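Enquirer: The primary structure of each chain is shown beneath.
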Amino acid sequence: MTFYVIRRVAIGILLLFFMSAMFFALTRLTPGQPVSVGENPRIHQEQVNLRLHRLGLTDENGNPYPIPQQYLLYLGALVHLDLGDSYQYNVPVTKLLKQRLPNTALLLGTALVVALAIGIPLGIFAATHQYSKLDMTTSITSYVGVSIPSFVLGIYLLLIFAVFLKQTPLHWGFPLFGMHTGGVDDPLDLLYHMALPVTSLAILEIAIFSRFMRASMLEVLHQDYIRTARAKGLALDKVNYKHALRNAILPIITLVAIAIPQIVNGAIITEGIFSWPGTGQLAFQAVVDRDYPVILGVVMLVAALTVVFNLIADLMYAVADPRIRY
Amino acid sequence: MAQVPPLPIGPAAGVPGSVPNQLSIETTVEQERALQQPGVKADELRDAPELGFWRLAVIRFLHHRVATGALLLLGVIVLTAIVVPIITGDLYRIQDYRHPFKPPFQSLQHLLGTDDLGRDELARLARGARVSIMVGTLAVVGYLLIGGGLGALAGYYGGWLDNALMRFTDIIISMPFLLVVIAVTAATGGVRLSTVIIVIAATGWYEIGRLMRAQFLVLREQEFVQAAKALGASNLRIIFRHILPNALAPIIVSATLGVSGIVLLEAALGFLGYSIPPPEPSWGNMLSQFEDYLLQNQTYLVIFPATALVLTALCINLVGDGIRDALDPRQR
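So the protein lines, in turn, are chains E and W. Per my numbering, the very first residue in the first sequence carries number 1; after that it's consecutive. Per my numbering, the very first residue in the second sequence carries number 327; after that it's consecutive.
Because the hints were derived from the structure by calculation, they are not lab data. As the structure is a prediction and not an experimental result, all values here were calculated from the model. Wrong hints could be hidden among the right ones.
[To be verified] Which residues of chain E face chain W? A few of them, derived with a C-beta cut under 10 Å, are: (1) Ile155; (2) Ala283; (3) Val288.
[Claimed, not checked] Simulated DEER-style distance windows between Cβ atoms: (4) W/Trp380 - E/Arg227: 33 to 43 Å; (5) W/Arg567 - E/Tyr131: 35 to 45 Å; (6) W/Pro576 - E/Gly109: 30 to 40 Å; (7) W/Trp380 - E/Val288: 41 to 51 Å; (8) E/Thr2 - W/Val402: 32 to 42 Å; (9) W/Met460 - E/Ala25: 26 to 36 Å; (10) E/Ile312 - W/Tyr423: 56 to 66 Å; (11) E/Lys242 - W/Leu562: 49 to 59 Å; (12) E/Leu170 - W/Arg381: 49 to 59 Å; (13) W/Gly558 - E/Val9: 42 to 52 Å; (14) E/Ile160 - W/Leu562: 54 to 64 Å; (15) W/Leu543 - E/Arg227: 28 to 38 Å; (16) E/Leu250 - W/Pro576: 15 to 25 Å.
[To be verified] Negatives, chain W to chain E, calculated, CB over 10 Å: (17) Trp380; (18) Ala407; (19) Pro429; (20) Gly444; (21) Leu448; (22) Thr463; (23) Val467; (24) Ser500; (25) Leu505; (26) Ala528; (27) Phe566; (28) Pro571; (29) Thr625; (30) Ala632.
Where is the CB? At the ideal position from N, CA and C, for every residue including glycine.
Use the sequences and the hints to build the structure in full.
Expert: What follows is the structure in structure tokens.
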């Protein structure tokens with residue numbers, strides 16, 4: 001077990017190195033540089049050189065470092081959890097991430113909890129009442145849910161609530177923590193702001209969770225030990241919820257771990273649409289501004305989170321299912 | 327006991343005048359009926375066509391009403407994507423500043439209205455459909471070539487290739503995919519559709535690769551492969567003639583469902599401005615100005631592309647699930 005964890009962490013770190021190298025190369029291969037006299041004629045060449053040097057792109061005399069050396073500098077800083085400075089905001093990327101991460105965590109966490117709270121019971125019910133009306137409705141809804149990307153769902157929601165019903169503003173301004181302060185003190189206001197983005201992120205996950213839960217539950221319900229339990233004369237509810245559910249819910253752990261980077265992906269656009277001041281919107285804006293240190297920072301963060309969550313999922317799996325040993 | 331029918335050589339049983347009491351080449355259908363063998367209806371068995379795996383799958387698919395309906399609708403969408411751009415020609419980019427925001431269903435000239443620059447919405451939608459379907463199909467072909475090829479090799483030979491495939495999957499899964507595509511697009515100097523297709527194909531093939539690997543891992547241990555080996559078949563022949571046809575079913579399902587994923591991904595990229603550049607329309611970039619349209623209450627300019635996108639993805643998903651049910655009836 002200990003060996004397994006060490007091995008996985010080692011692989012994860014290697015993976016992060018690989019990804020940082022790839023993304024670093026990609027961002028450095030793009031033409032142009034963050035500061036130039038051409039962009040702002042009022043600054044002197046010396047100032048430009050100084051700035052480029054601070055960003056780790058050139059040496060003191062303004063000669064650009066070769067890309068491998070730039071990467072080594074970046075790596076050296078990365079070990080100290082320093083992701084460099086943002087071209088756009090002129091502040092350390094880590095500071096930006098620290099500001100935005102709580103907002104994203106709040107949004108994604110809520111979406112995930114909502115999706116689990118609705119999707120799993122729905123899937124269980126659909127499986128225990130196979131071919132019932134609710135089962136059919138669940139199937140249809142999950143098909144539609146999987147086919148709507150979260151950004152289109154967000155647009156639809158804005159269309160319905162902002163344009164047709166005129167209940168919400170079209171363009172959201174945010175009194176949240178991070179960039180602004182004071183918003184968390186008013187939970188009702190926070191809830192109002194979160195309702196639409198959480199819905200647009202949660203629907204896809206509800207669709208996936210309910211579908212998966214239904215399939216997993218049905219598979220378990222057809223196994224021999226369930227028949228035995230029923231033949232013994234156990235109550236149906238007891239068989240369904242005590243014997244079957246325990247085994248059927250295990251694969252969901254993996255699914256949740258896989259779902260997290262997926263939601264982060266969806267959050268990039270959803271946060272942009274609803275102007276939610278999180279890491280997704282930061283990445284969205286960084287893409288528009290071509291602010292590569294920030295893009296790189298977000299990518300590294302997501303990759304690290306994925307590695308960690310995958311590891312946690314595998315370990316939890318071993319805890320939940322004693323048959324699994326690493 | 328049923329008699330063993332004689333081999334149909336020579337005029338043994340069917341001598342004129344004799345009463346046929348057994349099946350032979352000369353006995354007619356009527357005579358066979360007259361025999362009245364208990365249990366077996368001879369004519370029914372004889373006329374039953376021999377159904378192969380794929381024909382049975384087609385029949386099973388056609389019995390799936392929802393999937394068949396989705397396939398028909400998808401056919402209509404694909405046909406529109408092919409035919410309408412040919413008919414309308416350059417209409418998708420001809421601007422008419424006197425008639426912007428013409429509402430839909432008002433005139434035959436602009437059946438679905440015009441957008442903010444007075445361009446015909448129907449022509450733009452159809453052309454956008456073409457982009458979506460083209461990207462979807464080409465990228466999936468890429469998935470099949472890369473993922474199928476590498477997955478087959480990894481599953482068949484194992485070894486370092488197998489390990490490399492698994493690690494690559496780990497990397498891809500932990501990447502925010504949109505940012506990858508954007509970074510690559512930026513690095514290769516400008517937004518082109520070919521870049522988008524190549525990047526999607528190069529990063530998304532791992533799912534089919536893993537499926538193919540799993541199939542090959544199972545199938546290469548089967549008796550018929552050992553038999554082929556014992557008969558001296560080359561590796562290439564075993565891979566293509568013996569294993570591949572048996573491994574195809576889940577691959578086809580995954581590829582079909584992959585198309586809808588790519589269509590949605592392309593739309594998301596277009597929405598961010600990283601797919602085909604304007605004035606060329608795609609469903610994604612038609613939605614990118616949604617805020618302006620909603621502010622000006624021109625909801626149809628948002629509803630049409632969004633609904634076209636969702637409808638197409640839904641149809642592909644339904645068809646994919648229909649194929650899954652048809653190919654693997656046990657899974658229902």
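Enquirer: Could you run down the list of hints and mark each one as holding or not?
Expert: These are the hints, each one checked on the structure:
With its C-beta approaching chain W no nearer than about 5 Å, E/Ile155 sits inside the 10 Å limit, and its interface hint holds. At its closest, the beta carbon of E/Ala283 sits 6 Å from a beta carbon of chain W; the interface hint therefore holds under the 10 Å criterion. For E/Val288, the interface hint holds, the least distance from its beta-carbon to any beta-carbon of chain W being 8 Å, beneath 10 Å. Between W/Trp380 and E/Arg227 the C-beta distance comes to about 35 Å, which sits within the given range of 33 to 43 Å.
W/Arg567 and E/Tyr131 have their C-beta atoms about 41 Å apart, which keeps the hinted 35 to 45 Å range intact. Checking the proposed 30 to 40 Å range against W/Pro576 and E/Gly109 shows it holds: the Cβ atoms sit about 34 Å from each other. Distance hint for W/Trp380 and E/Val288: a CB-CB separation of about 49 Å, consistent with the stated range 41 to 51 Å. Checked against the hint of 32 to 42 Å, the pair E/Thr2 and W/Val402 fails, with Cβ atoms roughly 59 Å apart.
Taking the beta carbon of each, W/Met460 and E/Ala25 are about 29 Å apart, inside 26 to 36 Å as hinted. Range check, E/Ile312 to W/Tyr423: Cβ separation about 58 Å, and the 56 to 66 Å hint holds. Between E/Lys242 and W/Leu562, the C-beta spacing of about 53 Å keeps the proposed range 49 to 59 Å intact. Look at E/Leu170 against W/Arg381: about 54 Å separates their beta carbons, and that is inside 49 to 59 Å.
Distance hint check for W/Gly558 and E/Val9: the Cβ-Cβ separation is about 48 Å, which falls inside the suggested range of 42 to 52 Å. Distance hint check for E/Ile160 and W/Leu562: the Cβ-Cβ separation is about 57 Å, which falls inside the suggested range of 54 to 64 Å. The supplied range of 28 to 38 Å is met by W/Leu543 and E/Arg227, whose beta-carbon atoms lie about 31 Å from each other. Between E/Leu250 and W/Pro576 the C-beta distance comes to about 23 Å, which sits within the given range of 15 to 25 Å.
Every Cβ of chain E is farther than 10 Å from the Cβ of W/Trp380; the closest lies at roughly 25 Å, confirming the non-interface assignment. Chain E leaves W/Ala407 outside its interface by the beta-carbon criterion, the shortest separation being 18 Å against a cut-off of 10 Å. With a least CB separation of 15 Å from chain E, W/Pro429 remains clear of the 10 Å interface cut-off, as annotated. The claim that W/Gly444 is not at the interface with chain E holds, since no C-beta of that chain comes within 10 Å of its own (minimum 22 Å).
Distance check for W/Leu448 against chain E: the nearest CB is about 20 Å away, which clears 10 Å, and the non-interface claim stands. W/Thr463, annotated as away from the interface, keeps every beta carbon of chain E farther than 10 Å; the closest lies near 18 Å. W/Val467, annotated as away from the interface, keeps every beta carbon of chain E farther than 10 Å; the closest lies near 22 Å. The beta carbon of W/Ser500 is not kept farther than 10 Å from every beta carbon of chain E, the shortest such distance being approximately 4 Å.
Distance check for W/Leu505 against chain E: the nearest CB is about 6 Å away, which does not clear 10 Å, and the non-interface claim fails. For W/Ala528, the condition that its CB be more than 10 Å from all CB atoms of chain E holds, with the nearest at approximately 12 Å. The beta carbon of W/Phe566 sits about 33 Å from the closest Cβ of chain E, which is more than 10 Å, so the claim that it is off the interface holds. Distance to chain E confirms W/Pro571 as a non-interface residue, since its nearest Cβ pair spans about 27 Å, more than 10 Å.
Separation of W/Thr625 from chain E is inadequate, the least Cβ-Cβ distance of about 6 Å not exceeding the 10 Å criterion. Non-interface status of W/Ala632 relative to chain E is broken: a Cβ of that chain comes within 10 Å, the nearest being about 5 Å off.
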